[in-house]
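Protein chains: 2
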Amino acid sequence: MLELKNKIAEEGKICAGNIVKVDSFLNHQIDVKFLERIGKEFYELYKNTNVNKIVTIETSGVPIAMEVAKCFDCRVVFAKKGKTKNLSDNFYETEVMSYTHGEVYKICLAKEFLGENDNVLLIDDFLANGAALNGLLEIVEKAKANLVGCGVVIEKGFQPGGKNIRKKGIRLESLVIIDKIDEEKQEITFRGE
Amino acid sequence: MLELKNKIAEEGKICAGNIVKVDSFLNHQIDVKFLERIGKEFYELYKNTNVNKIVTIETSGVPIAMEVAKCFDCRVVFAKKGKTKNLSDNFYETEVMSYTHGEVYKICLAKEFLGENDNVLLIDDFLANGAALNGLLEIVEKAKANLVGCGVVIEKGFQPGGKNIRKKGIRLESLVIIDKIDEEKQEITFRGE
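Protein chains in written order, with this note's numbering: chain D, 13 to 205; chain P, 13 to 205.
Careful, some of the hints might be misleading.
For identical chains, the list gives no copy identity; a pair is met inside one copy or between any two copies.
Claimed, not checked - Straight-line C-alpha distance at most 35 Å; calculated DSBU-like pairs for lysine-lysine:
hint	residue 1	residue 2
1	Lys197	Lys92
2	Lys123	Lys192
3	Lys59	Lys197
4	Lys33	Lys154
Read the hints as simulated data drawn from the structure, not as lab findings.
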């Protein structure tokens, strides 16, 4: 998605540790008109499928998932993080290892909002090692829902998350794949360039 | 907002401790078409002002804020919770007392996304004791931004948050105000009924 590449080039900030910060438009401040176009892009990729539920994880997945859901005219449900209290049989839950924060956290999703009649598109902002997305995949499996595929805004192609998910035969669409981040030169190389 | 009252009556669940759960459409599963109408309702209330930035707090404020921002054609910025690591001079921060979870947490917002040129509408899903909203008000003040007003989807009129904010002379619009929750009868009384 050319507009996304340009946006990352213009507004993204390269930080130490192969980090690209896009918090001016994607995950702290949100450019809502731009996210509308992101939503339509995922819709174009998946419009010939039977998607009827968008699943994501709080917080930064939520605004993107909303725009996708609007195109499909369906509801979003987002997994909640670190809610260890008050959990009951009413929730699917699993554990996720966060490489960014070096800790394990729980994610959960209420059983009443995901089940075998749901054809699920998983949406998230970033895919690096794939920890969050794998957590969501586990929850979809526990719910016996039908997984249609995954959609990620920015995939870091030099980390193994995307490759591992595709290896399982799961459809994964990333709007851009970053192959290299050069902190010194402040340069990002996108796949296909 | 009649549609919202009906939605709460139909889909809301009354739980012990004066809790109304609306997680089938507002803060776990999200009814995106309904949120569009919520966004327009806030726009109607504030359209004659100079709002150019929507500020909210993660997670459940974000989808609502997005719909409001779309009407005003401006960006959203959301305060992040509990991010104590990696904080620097680049963030406004304050502490919030959560009555629901019985704990104090930090909220923060990057300085680059809020400043004296911003005319702010604060948006949140619930207003009870006003802890979160007061935290956001503090951040707006620290940023020397201009506060236009606040918009809340569901105010609990029997808790002091709303009253205290209005007493300060701040404009606060709640789409519905709940005056009473009767767990035994499973009945909600809205203000004006």
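Hints, one by one, checked against the model:
| no. | hint | in the structure |
| --- | --- | --- |
| 1 | Lys197 <-> Lys92 | between (38 Å within a copy, 30 Å between copies) |
| 2 | Lys123 <-> Lys192 | between (39 Å within a copy, 29 Å between copies) |
| 3 | Lys59 <-> Lys197 | neither (39 Å within a copy, 45 Å between copies) |
| 4 | Lys33 <-> Lys154 | both (33 Å within a copy, 24 Å between copies) |
Checked against the numbered hints above, the structure violates only hint 3.
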